[in-house]
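Chemist: Modelling step: build the complete structure from the supplied sequences, incorporating the hints.
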Amino acid sequence: ETGVTQSPTHLIKTRGQQVTLRCSSQSGHNTVSWYQQALGQGPQFIFQYYREEENGRGNFPPRFSGLQFPNYSSELNVNALELDDSALYLCASSLSGGAYEQYFGPGTRLTVT
Amino acid sequence: ILNVEQSPQSLHVQEGDSTNFTCSFPSSNFYALHWYRWETAKSPEALFVMTLNGDEKKKGRISATLNTKEGYSYLYIKGSQPEDSATYLCAFNDYKLSFGAGTTVTVRA
Chain B
1 ETGVTQSPTH LIKTRGQQVT LRCSSQSGHN TVSWYQQALG QGPQFIFQYY REEENGRGNF
61 PPRFSGLQFP NYSSELNVNA LELDDSALYL CASSLSGGAY EQYFGPGTRL TVT
Chain X
1 ILNVEQSPQS LHVQEGDSTN FTCSFPSSNF YALHWYRWET AKSPEALFVM TLNGDEKKKG
61 RISATLNTKE GYSYLYIKGS QPEDSATYLC AFNDYKLSFG AGTTVTVRA
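Chains as they are written, first to last, in the working numbering: chain B, 1 to 113; chain X, 1 to 109.
The set of hints was computed from the structure by calculation and includes no laboratory data.
Any given hint might turn out to be false.
[To be verified] Each pair of labels, with its calculated beta carbon distance range:
| id | chain 1 | residue 1 | chain 2 | residue 2 | range |
| --- | --- | --- | --- | --- | --- |
| 1 | B | Gly16 | X | Asn53 | 45 to 55 Å |
| 2 | X | Thr22 | B | Asn71 | 32 to 42 Å |
| 3 | X | Asn3 | B | Asp84 | 35 to 45 Å |
| 4 | X | Pro82 | B | Gly16 | 37 to 47 Å |
| 5 | X | His12 | B | Glu52 | 18 to 28 Å |
| 6 | X | Asp17 | B | Arg15 | 41 to 51 Å |
[Said to hold, decoys possible] Within a straight-line C-alpha distance of at most 20 Å, the following computed EDC-like cross-link-like pairs (lysine to aspartate or glutamate) qualify:
| id | chain 1 | residue 1 | chain 2 | residue 2 |
| --- | --- | --- | --- | --- |
| 7 | X | Lys78 | X | Glu56 |
| 8 | X | Lys69 | X | Glu83 |
| 9 | X | Lys57 | X | Glu70 |
| 10 | X | Lys57 | B | Asp84 |
| 11 | X | Lys58 | B | Glu101 |
| 12 | X | Lys59 | B | Glu101 |
| 13 | X | Lys42 | B | Glu101 |
[What the hints assert, rightly or not] Covered, in the sense of this in silico footprint (three residues per stretch, anywhere, with C-beta under 8 Å from a C-beta of chain B), are these stretches of chain X:
| id | segment |
| --- | --- |
| 14 | 34-44 |
| 15 | 84-95 |
| 16 | 98-107 |
Where is the CB? At the ideal position from N, CA and C, for every residue including glycine.
Modeler: In structure tokens, the structure reads:
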């Protein structure tokens, strides 16, 4: 059984640029949730995708968007990057919508300069 | 925004000692509370999902209790070992996970 994987591991972007982060869900899971962890804080919920549809969104601006593909992998896109977007981005997969039994990937560390 | 708080923020424990720390959360509309263990450079690992008031769960030397009426959960580590060094996160489940900032445990050999 393959766990949750994320790519890339690290990346550095310049303010104003756009970035795409990728997540492959655990085998058999149809739901992916994305979280942002800023320094010194717990992970904050960005949004969730369930069977290719957005299924809940946290308090993040529209420049944070996502996609889920038929194989249930997912992308997180952030436009017009700001310095405060520097954080660890985690994805988690689960068997169904909601928050039960989420399995996390190792995260992508984004630095915006 | 749900207020989930963990205390202390960090603690240092001598190998062999036992320790515990707290997660507090809103006591209304409770569905479930999750505990995760997160080692540096690894993925957060699920420890417990707690749903019922008075729940006690155990995994090896780690155990947790739940009080939904007063809105808190304790996590206990018995006989701490260096491999227990990690950040322990709790998360309140209201259809999404709302995390606390974590308690970072460092076990000194």
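Chemist: Next step is simple, just say for each hint if it's right about the structure.
Modeler: Evaluated hints:
Separated by about 50 Å at the C-beta atoms, B/Gly16 and X/Asn53 satisfy the suggested range of 45 to 55 Å. About 41 Å separates the C-beta atoms of X/Thr22 and B/Asn71, a value consistent with the hinted range of 32 to 42 Å. For the hinted restraint 35 to 45 Å between X/Asn3 and B/Asp84, the CB-CB distance of approximately 21 Å leaves it violated. For the pair X/Pro82 and B/Gly16, the supplied restraint of 37 to 47 Å holds, since their beta-carbon distance comes to about 44 Å.
About 46 Å separates the C-beta atoms of X/His12 and B/Glu52, a value inconsistent with the hinted range of 18 to 28 Å. Remark: the range hint 41 to 51 Å for X/Asp17 to B/Arg15 is upheld by a beta-carbon distance near 46 Å. Taken as a hint, the X/Lys78 and X/Glu56 pair is honoured in the structure, with Cα atoms around 15 Å apart against an allowance of 20 Å. Note on X/Lys69 and X/Glu83: the hinted pairing is violated, with a Cα-Cα distance of about 33 Å set against a maximum of 20 Å.
For the suggested pair X/Lys57 and X/Glu70, the alpha carbons sit about 18 Å apart, so the restraint of at most 20 Å is met. Note on X/Lys57 and B/Asp84: the hinted pairing is violated, with a Cα-Cα distance of about 38 Å set against a maximum of 20 Å. A hinted pair counts as satisfied when its Cα atoms are at most 20 Å apart, and X/Lys58 with B/Glu101 qualifies at roughly 17 Å. Proposed proximity of X/Lys59 and B/Glu101 is supported: the alpha carbons are some 16 Å apart, at most 20 Å.
About 18 Å separates the Cα atoms of X/Lys42 and B/Glu101, which keeps this hinted pair within 20 Å; it holds. With a threshold of 8 Å between beta carbons, the proposed coverage of the segment 34-44 of chain X by chain B holds, since 6 of its residues qualify and at least three are required. Coverage of a stretch by a chain is defined here by at least three residues with a beta carbon nearer than 8 Å to that chain's beta carbons; for the segment 84-95 of chain X and chain B the count is 5, and the condition holds. For the segment 98-107 of chain X, the stated coverage by chain B is satisfied: 5 residues place a CB nearer than 8 Å to a CB of that chain, which reaches the threshold of 3.
Checked against the numbered hints listed earlier, the structure breaks hints 3, 5, 8, 10; every other hint is satisfied.
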